[in-house]
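Chemist: One letter stands for each residue in the lines below.
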Amino acid sequence: MTWLRRRIRPEQIREFSLLLLIVVAVLIFGSAIDNYYTSRTFNRIASSVMIITVVAVGQTLVVLTRNIDLSVGSIVGCTAYVAGVRIAADNGLPAIVPVLIAVALGAAMGAINGVLVAWGRVPSIIVTLGTLAIFRGLLVDYSGARTVTTDSLPPWLVDLPRLDLFTLAGLHVKVMVALALAIVIAFQLATSYLTFARQFYALGSNPDAADLIGLPTRRIVLTAFVLSGALSGLAGFMTLARFGNITVEAGRGLELEVVAAAVVGGVNIFGGSGTVIGAMLGGVMIGTLEQSLLRLQINEFWRDAVMGLLILLAVASDAVILKRLRALWARADLEMIARSAPRTGEAP
Amino acid sequence: MREYVLAGAALLAVGMLSPGAHAQVKATPGKAENMVLLPKFLGILPFDQAHRGAEEAAAELKNPAKLQYLGPTPENSVAGQIEIVTNATTQGVNAIMISNNSGDQIVPAAKKAQAAGIKVVTWDSPIPSAEGEDVFVAQVDFTQTGRVMADMALKIMGPEGGKFAILSASPDAANQNAWIAAMQEALKDPKYAKLQQVGIVYGNDQSELSYNQALALVDKYPGIKLIMAPTSVGIVAAAKAMQDEGLCNKVKVSGLGVPKEMLAYTKNGCAPEFALWSFVDLGYLTYYTAYMLATGEIKAEPGQSFTAGRLGNYTITKDPTRKAGLRVLMGPFSIYDASNVEAAAK
Amino acid sequence: MIAAAFARLRGWEGLLLALLVVIVVVNMAHSPYYLGVGNIINLFQLEIEKIIVALMMTLIIINGEIDLSVASVMGMSACVMAWSFRAGVPLPWAMLAAMASGVAAGLINGFWIAYVGLPSLAVTLAGLIGYRGVARILVQDRAIGDYPGWFNALGQQGLVGPLTLSIIIFLAMFAVLGLVLHGAALGRLVYVIGNNLQAARYSGVRVRRVKMTLFVASAVVAALAGLLYAARLGSVRGDMAQGFELDIITIVLLGGVSIFGGSGNLLGVGLSILVILNLRNGMGLADITGNTQTSVIGALLILSVLAPNIAQAIHIRWKGRET
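Here the protein sequences line up with chains A, B and C, keeping their order. Taking our numbering as reference, the numbering of the first sequence is continuous, increasing by one, and the terminal residue is 382. Taking our numbering as reference, the numbering of the second sequence is continuous, increasing by one, and the terminal residue is 348. Taking our numbering as reference, the numbering of the third sequence is continuous, increasing by one, and the terminal residue is 372.
There could be a bad hint or two in this list.
[To be verified] Chain B side only, calculated, beta carbon under 7 Å to chain C, not exhaustive:
#: 1; residue: E77
#: 2; residue: E85
#: 3; residue: T88
#: 4; residue: T92
#: 5; residue: D106
[Said to hold, decoys possible] Calculated from the model, a selection of chain C residues having no Cβ within reach of chain B, i.e. all distances over 12 Å:
#: 6; residue: V225
#: 7; residue: R237
#: 8; residue: G253
#: 9; residue: R257
#: 10; residue: T262
#: 11; residue: W367
Please keep in mind that the hints were generated in silico from the structure rather than gathered at the bench. Just so it is clear, CB atoms sit at the ideal spot from N, CA and C, and this is done for glycine as well.
Given these sequences and hints, build the entire structure.
Modeler: Next up, the structure:
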């Protein structure tokens, strides 16, 4: 017990409890759906979660600094469209060009958010509610109702969603899924071990204190928004590859799904706590519920109601499990103090 | 005896039509009529094409008043359409042309517009109860839509038939609901006895959900041979999903789609055949109809005939697909396959 | 008292008031129809359900919480009414059933937030999906209309002069909630809890009861707004009021209410309502619709906070140079 307690941080308990819930959900669905345990199910869930996950990583960084980014859906739409128009105009461009266009444009849009929040001192929810509408409005104007069509894209881009990175025990791991996973791991490691990235937590836990001890708070907030924008841009490129057909509606409403993933994943919306892995697990949880519900033989009209109920159950049982585990940890703490107290008494 | 009755009915029908038939009204150009073209929402190709058609008609008719193309955003479509109709009424325009996305919820606003002397013409999607509407410019006959879809299904699945599923827009989409109902009616014909429809799912006209729903259909109903998607968003998403999963040989996609968006999938066989009508022509005919109603050259009554520029002659009739209401039927369907899709996509 | 009111006018409310004056003047100059009685009534009627719900949302956000489920509760309430009516229940009873569904939704939200302690964002996000689901189950792909004439008239025609029932309800609610928030004990508690939850707990405030009351009230008001919306449109579908929550929250935030709770007031929200409604109406009459309209409102939202901040920064720098 002590061994466990020393090695595991409270944040990881939360992730563990969420993982447990996902396993339970999979077991339940597995017993209700024929042919559930197949590589196909894995693929469905993985591909449906990958785009949300990439955006949710950026969102987590922003939320850690006690801010929120509601403009991500519009950034995804803009970047998917602009990158699509560019590659459609010249199919011979190297693959890296549309990726860079999408990421750079996303980062620029994130920078606008970040500057307004950090230097303009406008609350992030107001800034991003505004840019949610403004970015979409600009896209609609710019596009003139034209659509990026699959036919105009180079074959490598259209085939990208099908491309396997490797096949492990019958599970086809797609390149784009692996990319999303790599991003999660990279950001998880960075936010755990890099000093600069730890500052996101410091700032979110106590902005006044962070200011007092001389952290560059404005730069941290700007960085968070730029990263959120850049990752949304990457998600925009992934959206382009996945759907091929991009209208000005691409990515609309994504912000709600991303916030849902973060909230279910235990990211505290008032800043300071939560992890990138947690947000991913939140996304996986919701994706699993969504994809599995689609396959259940239930009436189409019942799906939303069941989905709402399941999310509530997930959040509630997560809270309950967490409470139990915390109590267990606290008891272990007490025991250790009790055991060590006499010894300290004997010491010289 | 039966033929006799039919002949009588035919005579009666001709008799009803005849007053208009000999008075083919031609529009007088140059009258100033303030007109509003209101799509379901802004930013997608078909409505933009309709706008182009309406502008073409406006230029031909030399209407000195500028055509206003006003629309809501998709997430605010119902409230936005009502707002635009209400504000147009306040401004006292002469005609409003609505692609109705609000079902009967638009009725109070449309009635107030009519009470203020405004001509209300619907296009693409009518007001179901026809209240508050002068006339509906129908792109195609909704019953025929059902038959066209059934025919495409039969052709793609072949004489041995099989199972197919439907991927629709939202459960509230009046057009899609009417077309699906018409197809189900058409399927009762013994000709289609071997076609079995196994389910309807809704992709809410979002790419993501439509894509996932298409894949879920394949999982849920193993052995289906066709996904029929009477929505331009759904059909592309479904075709891409089948292509990504390498299922195009087993599960085909068909329905209503825009040639430009479908080009890739028709050429590679994922969606061998689909249908649509010309939105440019629809906008053009709608403008002519509304203009002539506004000038008073025609009235919203059955039997009124008029000439709509390059499209030729049309007659206002009772709408047989609704309990009430009048319509002008444009037609016809264009069926697209590998042989003609490229030309249409230009 | 007067001095306090004056001080307030120099702050956020003053800014909104100035903005409102500018918008009204521009609208008057631009459109001859703007000041017509019919247009003024329309201006309120077109957004009336949102602004009714926004009033209650003000209290929720000041309390440090959020209710994302309001639009879905509006839809659910309308669908419960429509479904019962279609099933043969007399309309008044169907309306009562709809209000009961609102109470139930509020109790569910309140239970998980106040008594279990889950974050309101998560609970009401589940509600946003779940209550919409209930609406969909009841109405499916139908549109349910053909209500008695009196019901449609309530939603569409003036009750007292040109004032419709919805507008009267809005004005009454504004007065009552203003009194509650700024004059009654409950109002103080709403602020205290929003300012510092822990301190409120330790000083014996019955936090749970206050939160429960607010969430039930929010859902009941949303249910009522759903019925008013149904009466205004005369027909009910499963997607009624879908997506309204963002507009409602935008109104409250522009009113100067902090998303972190504890600050803001109803006067500010009242002014914000007038600003947004007049701006929308003015743009509508100038044939500006769709994404352009939402973009302008988005830009306004940002600028209204940004401009005073920049002015202040310049002011401080200026002063610094003088001394």
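Chemist: Let me make sure I understand: some of the numbered hints might not hold for this structure. Which ones are they, in numerical order?
Modeler: Those not satisfied: there are none.
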